[in-house]
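Undergrad: The primary structure of each chain is shown beneath.
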Amino acid sequence: MQAQLRIRRYNPEKDTSGYWGEYTLNNINPNDSVLDLLHRVKWEIDGTLALRRSCAHGVCGSDAFRINGTNMLACKTLVSRLGAGETVKIQVEPILGLRVIKDLIVDMEPFMNHYKSVLPYFINDEAAPENGRERLQSQEDRARFDDTTKCILCAACTTSCPSFWANERYIGPAAIVNAHRFIFDSRDQAPEKRLAVVGDTFGVWRCRTNFNCTNACPREIEITKAIAEVKKVLATGEI
Amino acid sequence: MTTLSGVTHRKVQVRSNFERFAFLFMRLSGVTLLVLAVGHVLIQHVLNDVHNLTLEVVAATWNSWGWKVYDMLLLIFAFSHGMNGLRNVLEDYIHNAKTVKIVNIVLAVFVVVTIIWAGIAIASFDAAPFINN
Amino acid sequence: MSSLMLTLRESARYRGRSGHWSWVAHRLSGLAILSFLIIHVWDTANASFAPNVYRWSVELFKHPLFGLGEVGLVGAVLYHAFNGIRISLLDFKPEWWKHQQRSATISWALFLIIFIPIAIMMINSIVNHCNDSVNCWVFPRLSDFIS
Amino acid sequence: MAQVKIHTFDAVIVGAGGAGLMAALYASRSANVAVLSKLYPTRSHTGAAQGGIGAALANMEEDSWEWHSYDTVKGSDYLADQDAVDVLTKEAINTVVELEHMGLPFDRFPNGKISQRRFGGHMSKTTGRPVMRACHAADRTGHMILQTLYQQCIKNEVNFFDEFHVVDLIRVDDTVRGVVAIEIATGEFHIFHSKAVMFATGGWGRVWEVTSNAHSLTGDGPAIALRRGIPLQDMEFFQFHPTGIFKLGILITEGVRGEGGVLINGEGERFMGVRGYAPNVKDLASRDVVSRAIYLEIKAGRGINGQKYVHLDVTPETVNRYYEEDGEDRRIDRAYIEAKLPDIADFTRTYLGVDPVTEPMPVQPTAHYGMGGIPTDVHGRVLLDAQKNPLPGFYAAGEVACVSVHGANRLGTNSLTDLVVFGKLAGKDMANYCQTAELLPLPDGAADDVMAEFDRIRNSGGGVKTYEVRNKMQVSMTENVSVFRTEETMKQALEDLEALRDEYQKVEIQDKGKVFNSDILEAWELGCLLDTAEVTTVSGLARTESRGAHARDDYTERDDENWLMHTLYYKEGDGYRLDYKPVTLGRYEPKPRVY
Ligand SMILES: Cc1cc2nc3c(=O)[nH]c(=O)nc-3n(C[C@H](O)[C@H](O)[C@H](O)COP(=O)(O)OP(=O)(O)OC[C@H]3O[C@@H](n4cnc5c(N)ncnc54)[C@H](O)[C@@H]3O)c2cc1C
Ligand code: HEM
Ligand code: SF4
Ligand code: F3S
Ligand code: FES
Chain A
1 MQAQLRIRRY
11 NPEKDTSGYW
21 GEYTLNNINP
31 NDSVLDLLHR
41 VKWEIDGTLA
51 LRRSCAHGVC
61 GSDAFRINGT
71 NMLACKTLVS
81 RLGAGETVKI
91 QVEPILGLRV
101 IKDLIVDMEP
111 FMNHYKSVLP
121 YFINDEAAPE
131 NGRERLQSQE
141 DRARFDDTTK
151 CILCAACTTS
161 CPSFWANERY
171 IGPAAIVNAH
181 RFIFDSRDQA
191 PEKRLAVVGD
201 TFGVWRCRTN
211 FNCTNACPRE
221 IEITKAIAEV
231 KKVLATGEI
Chain B
1 MTTLSGVTHR
11 KVQVRSNFER
21 FAFLFMRLSG
31 VTLLVLAVGH
41 VLIQHVLNDV
51 HNLTLEVVAA
61 TWNSWGWKVY
71 DMLLLIFAFS
81 HGMNGLRNVL
91 EDYIHNAKTV
101 KIVNIVLAVF
111 VVVTIIWAGI
121 AIASFDAAPF
131 INN
Chain C
1 MSSLMLTLRE
11 SARYRGRSGH
21 WSWVAHRLSG
31 LAILSFLIIH
41 VWDTANASFA
51 PNVYRWSVEL
61 FKHPLFGLGE
71 VGLVGAVLYH
81 AFNGIRISLL
91 DFKPEWWKHQ
101 QRSATISWAL
111 FLIIFIPIAI
121 MMINSIVNHC
131 NDSVNCWVFP
141 RLSDFIS
Chain D
1 MAQVKIHTFD
11 AVIVGAGGAG
21 LMAALYASRS
31 ANVAVLSKLY
41 PTRSHTGAAQ
51 GGIGAALANM
61 EEDSWEWHSY
71 DTVKGSDYLA
81 DQDAVDVLTK
91 EAINTVVELE
101 HMGLPFDRFP
111 NGKISQRRFG
121 GHMSKTTGRP
131 VMRACHAADR
141 TGHMILQTLY
151 QQCIKNEVNF
161 FDEFHVVDLI
171 RVDDTVRGVV
181 AIEIATGEFH
191 IFHSKAVMFA
201 TGGWGRVWEV
211 TSNAHSLTGD
221 GPAIALRRGI
231 PLQDMEFFQF
241 HPTGIFKLGI
251 LITEGVRGEG
261 GVLINGEGER
271 FMGVRGYAPN
281 VKDLASRDVV
291 SRAIYLEIKA
301 GRGINGQKYV
311 HLDVTPETVN
321 RYYEEDGEDR
331 RIDRAYIEAK
341 LPDIADFTRT
351 YLGVDPVTEP
361 MPVQPTAHYG
371 MGGIPTDVHG
381 RVLLDAQKNP
391 LPGFYAAGEV
401 ACVSVHGANR
411 LGTNSLTDLV
421 VFGKLAGKDM
431 ANYCQTAELL
441 PLPDGAADDV
451 MAEFDRIRNS
461 GGGVKTYEVR
471 NKMQVSMTEN
481 VSVFRTEETM
491 KQALEDLEAL
501 RDEYQKVEIQ
511 DKGKVFNSDI
521 LEAWELGCLL
531 DTAEVTTVSG
541 LARTESRGAH
551 ARDDYTERDD
561 ENWLMHTLYY
571 KEGDGYRLDY
581 KPVTLGRYEP
591 KPRVY
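Quick note, the sequences are listed as chains A, B, C and D, same order.
FYI, the numbering used here numbers position 63 of the first sequence as 63, with every residue one higher than the one before it.
FYI, the numbering used here numbers position 24 of the second sequence as 24, with every residue one higher than the one before it.
FYI, the numbering used here numbers position 64 of the third sequence as 64, with every residue one higher than the one before it.
FYI, the numbering used here numbers position 498 of the fourth sequence as 498, with every residue one higher than the one before it.
Keep in mind that the hints were calculated from the coordinates and are not lab data.
Ideal Cβ placement from N, Cα and C applies to all residues, glycine included.
Any given hint might turn out to be false.
Quick list of the computed label-pair ranges, beta carbon to beta carbon [said to hold, decoys possible]:
| no. | chain 1 | residue 1 | chain 2 | residue 2 | range |
| --- | --- | --- | --- | --- | --- |
| 1 | A | T236 | D | T436 | 53 to 61 angstroms |
| 2 | D | D553 | A | G18 | 49 to 57 angstroms |
| 3 | B | H51 | C | A109 | 29 to 37 angstroms |
| 4 | B | A123 | C | A109 | 38 to 46 angstroms |
| 5 | B | H51 | A | E238 | 49 to 57 angstroms |
| 6 | D | E188 | A | Q189 | 48 to 56 angstroms |
| 7 | B | A108 | D | E188 | 47 to 55 angstroms |
| 8 | B | A108 | C | N135 | 41 to 49 angstroms |
| 9 | C | F92 | D | E317 | 43 to 51 angstroms |
| 10 | B | A108 | C | A109 | 31 to 39 angstroms |
| 11 | C | V24 | A | T236 | 25 to 33 angstroms |
| 12 | C | F49 | B | L42 | 25 to 33 angstroms |
| 13 | C | A109 | B | N63 | 47 to 55 angstroms |
| 14 | A | Q189 | C | A109 | 45 to 53 angstroms |
Below, computed lysine-lysine pairings styled on DSS-like, alpha-carbon distance capped at 27 angstroms [as the list claims (entries may be wrong)]:
| no. | chain 1 | residue 1 | chain 2 | residue 2 |
| --- | --- | --- | --- | --- |
| 15 | A | K150 | D | K155 |
| 16 | A | K150 | C | K98 |
| 17 | B | K11 | A | K150 |
| 18 | D | K491 | D | K506 |
| 19 | D | K125 | D | K90 |
Only chain A is shown next, with the shape it has when bound in the complex (with noise of 0.2 angstroms):
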């Protein structure tokens, strides 16, 4: 099988706008993961290309690209997915409303800066239980804020969303993912200041229930539902 790709590639020392590098692979095989082919890519032909990567399973967040037109992580994305027969085109560019820094790599600290904007640590300065040891909680509490645990902070979310490429002073769904696991956590006592931020111009009232962003997530986090769920709070005033 034969893959024929199409990098954006761009290097502030040398290139003064970006462009695609074309690559034909040989022997590729259905089950081979974009991450091995960019692997590829950069061992056997072209050193200088550049990309996050860590994990190589999903689970790190480092390499969130856009693939054939959608974001996605490119380690957890078989070619078998992206199409079969003896050649298989595939087209990957980095994640857009993000600076490029060099070819697939884009500058982060737009993205942190939000996450870090909801307070994102627990936050409870009662005492703890006295015999020294683990507040309770209930299994149906714990259960409430299960699904926004599990966010890798990838940006495939925040970049697939059109109010974030349209201003990227919008949080973005990522850092109301990550408010949501805070406030829907019975032990945490700092709901209303993460409110505040999250329910101000830039918050949730951005987002234009779009579905991007939940069909980005690699960690298939239901981010459209945290969203509503944390706008019905500001709604309501009840958590």
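Given the coordinates of chain A, work out where chains B, C and D with the ligands should sit on it, guided by the hints.
TA: Below, chains B, C and D with the ligands alone, put in the same frame as chain A:
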């Protein structure tokens, strides 16, 4: 073993702001418009063929206060809903805070002027001359 | 404004699923209805303040081009309404989220089922109108009405 | 040297996995600390850990830290230092509770307490059966630990230098003065001048071809330490987890076998029992035993279709058939598997197109965890020799450190415990150290050595590609120094490594730029891999016994008489020196290890 079960629901203080209000308003007015706007469109643009429309036909409708009120409600809801929608769209693309402010003022003034102007038009409409002729 | 160009281009390039296209359609239909509404409101006000201008515009709207626009308007209102209700429901019933794909399909289906016969009827009426009056393509002149 | 930017801190922590972040939280309470990581902190491989973190909370059934200690020592094949193991297991309880107080969303028992489950090797003394000791958050415990610690670091405004690749340690005689790092985004060299330095750089599983480890786990920490005269301890002990996905190495947790899954060879036999590897516990034998069995089956040509894998079968049909054969009443169905093993199902469906409910999964042993590393005491202080003299100001914690609590074979769930317990102790100790220690001046040209090395790589013109050398190393190490080794295979590996060293000098990179030049960094990482591979092989060759993960065909027995001691490997010029230090024994006398 003692079991701990159930979901904890908590009340929170939510600071209201314009965006929250706008969000609720879009949904509320949307539901209202489902009746008002869809009804209006179906009656005026589908059941009543435009090709038969004349000032006299309009006059016949506006001869009743019921329809006058219906149209005024439609005017208020559709216009404010639509213009707030436009504001949403514009704020996506205009990033300069000052420009946004100016645009919003222009939009608001336009909404108010339009509603007053058209409201007066509907309220003060006297159907008599067109019906008797 | 470059973000506008970017969004326009990428909204078309991004290979989103139903939700994405529903959003595109919702936004475009909303803006379309609004542009019509602005004209419509100011024009209808003329019925009260300048009846003759209004008579002219009523004739103008009988032109086949405006007729087609009107078909589009009805389509836009219907789609926007169904999709708008879908969004409101999902926003207040997050647990129904799992039916998102189906809900999008339903709102498209409802729209098409209702819109197609209406569109046929309306286009038919335009055709009939042109059959009846030979000069249906001629735009009425304002001066003829306010003399 | 004008182009080198200098930063000054009390302490520098290299690595932002579980160990680095835990240390950062504690150290930054009283010291001015910088955390350097070549990855964004949340990309660290701690996030990949699935099963759980071991602590004798006794939330569901009777348990105690002494039992946990015993299991750990026995699991280590008696090579662990028992005083350190006691610290680990005692501190585990408070530390796990502390993680909960930091908001870590553990799963819950119906009584609202942290949920625990059974895991290989963790036993109850009263029932003689596995005990529920692994505290977990679904099957992404490591992910939750990493996220929670990072979140707390944000809360406490820890200074992060993300995507700074540390390439050297500044050591002057018996003091450390900081580290040299490359800012990946710009390619600039930076010096972090400090009173204390901690290495928490994780593992080096990329030495082998098939591994559960991330691409980034290239042994930078051990290699840098080694080059600066610090010994590496017990490097011959590297754990191979029995069930990695064929070729990919992605881990399939022990839980699969815990739920009744069985291993089947090419002849359709349940070989763990039939072939006599573990007639009693069969598929639930310990990791080293099962890995060896799979390896032997494959070697005997009994892989599936003669290939290098066996099947792990958890389909209800098979599982229930064996339950019936074994006279067990339990039966499982599709829903049960979906509920108990959701992530595994996701992995095999994504990567193999195999639905574990209806088909068996192809598995092979996968390089997983380094028991050895930089020798430290329980406070993370790096020890320079067999007399346990420390190198003041230099610390190590996490997988890169060797305390040693895992000895020759680590028990499942004990690594996460190790990270947080010793991360914390090391962080505290380092902060204390900074209170009294002075900031010693930087030597002239502190970054010169490593800058010269990078210049050499940049300008080398031998036409050899990094990946070719790396592949050859991985193939040779997998062939010769994996689940089984003999004198012959290890000598072969050394020969290969020597040839590869020469080839390494001819590696030619294509990217001559500065911004995000991962080409040059990969080449440099390869140097680290070659170093760790060599230490592993040399240490293994010298140890003429079989113990835990170090299994030799030519010395099949454990030899407590001669080998109840830790290996220390020193780099000396172009050669090396081996030394040994005694194991700290305690309550548990070495006994034959039977499960
Ligand atoms: C798939 C898998 C499952 C596992 N499951 C379990 C389990 O269930 N229970 C258990 O107890 N253990 C488990 N383990 C083992 C355990 O997860 C690891 O041993 C542990 O996470 C290592 O943590 P660490 O903090 O030492 O290093 P890591 O988390 O690997 O972090 C290393 C850090 O060092 C940084 N770094 C490395 N080199 C450099 C450099 N040169 N310059 C700058 N920064 C650098 C990296 O960026 C990273 O931040 C598992 C391991 C794997 C691979
Ligand atoms: C007929 C019933 C209608 C319903 C149920 C409805 C519903 C909605 C809802 C819920 C939204 C918010 C969408 C979001 O936040 O994602 C919206 C947006 C909008 N509506 Fe309506 N609406 C209706 C009629 C109208 C009419 C008559 C107009 C024009 C005057 C209009 C113009 C708009 C515009 C411009 C937007 C903004 C679109 C965007 O932000 O993408 N709508 N509508
Ligand atoms: S919510 Fe999903 S897509 Fe978004 S950052 Fe988290 S894991 Fe990635
Ligand atoms: S794509 Fe964007 S609009 Fe909302 S549903 Fe997702 S955040
Ligand atoms: S490399 Fe870790 S998510 Fe893809």
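Undergrad: Each hint: holds or not?
TA: Hint-by-hint comparison with the structure:
1. Look at T236 (chain A) against T436 (chain D): about 56 angstroms separates their beta carbons, and that is inside 53 to 61 angstroms.
2. For the hinted restraint 49 to 57 angstroms between D553 (chain D) and G18 (chain A), the CB-CB distance of approximately 55 angstroms keeps it satisfied.
3. At about 30 angstroms, the CB distance of H51 (chain B) to A109 (chain C) agrees with the hint of 29 to 37 angstroms.
4. Range check, A123 (chain B) to A109 (chain C): Cβ separation about 41 angstroms, and the 38 to 46 angstroms hint holds.
5. Taking the beta carbon of each, H51 (chain B) and E238 (chain A) are about 53 angstroms apart, inside 49 to 57 angstroms as hinted.
6. For the hinted restraint 48 to 56 angstroms between E188 (chain D) and Q189 (chain A), the CB-CB distance of approximately 43 angstroms leaves it violated.
7. Hint check: A108 (chain B) to E188 (chain D), Cβ distance near 51 angstroms, so the stated range 47 to 55 angstroms holds.
8. Range check, A108 (chain B) to N135 (chain C): about 44 angstroms between beta-carbon atoms, so the 41 to 49 angstroms window is met.
9. A hinted range of 43 to 51 angstroms for the beta carbons of F92 (chain C) and E317 (chain D) is consistent with their spacing of about 45 angstroms.
10. Between A108 (chain B) and A109 (chain C), the C-beta spacing of about 38 angstroms keeps the proposed range 31 to 39 angstroms intact.
11. Taken as a hint, the range 25 to 33 angstroms holds for the pair V24 (chain C) and T236 (chain A), whose Cβ atoms sit roughly 30 angstroms apart.
12. At roughly 27 angstroms, the beta carbons of F49 (chain C) and L42 (chain B) sit within the given window of 25 to 33 angstroms.
13. Between A109 (chain C) and N63 (chain B) the C-beta distance comes to about 39 angstroms, which lies outside the given range of 47 to 55 angstroms.
14. Between Q189 (chain A) and A109 (chain C) the CB atoms are about 46 angstroms apart, so this pair conforms to the stated range of 45 to 53 angstroms.
15. Proximity of K150 (chain A) to K155 (chain D) is assessed by CA-CA distance (about 20 angstroms); at most 27 angstroms being required, the pair is judged to hold.
16. Between the alpha carbons of K150 (chain A) and K98 (chain C) the distance comes to roughly 18 angstroms, so the proposed pair stays at or under 27 angstroms and holds.
17. Distance hint between K11 (chain B) and K150 (chain A) is fulfilled; the C-alpha atoms sit about 26 angstroms from each other, no more than 27 angstroms.
18. The hinted pair formed by K491 (chain D) and K506 (chain D) meets the criterion: a straight-line CA distance of about 24 angstroms does not exceed 27 angstroms.
19. With a C-alpha separation of about 17 angstroms, the suggested pairing of K125 (chain D) with K90 (chain D) holds against the 27 angstroms cut-off.
The structure shown violates the earlier hints numbered 6 and 13.
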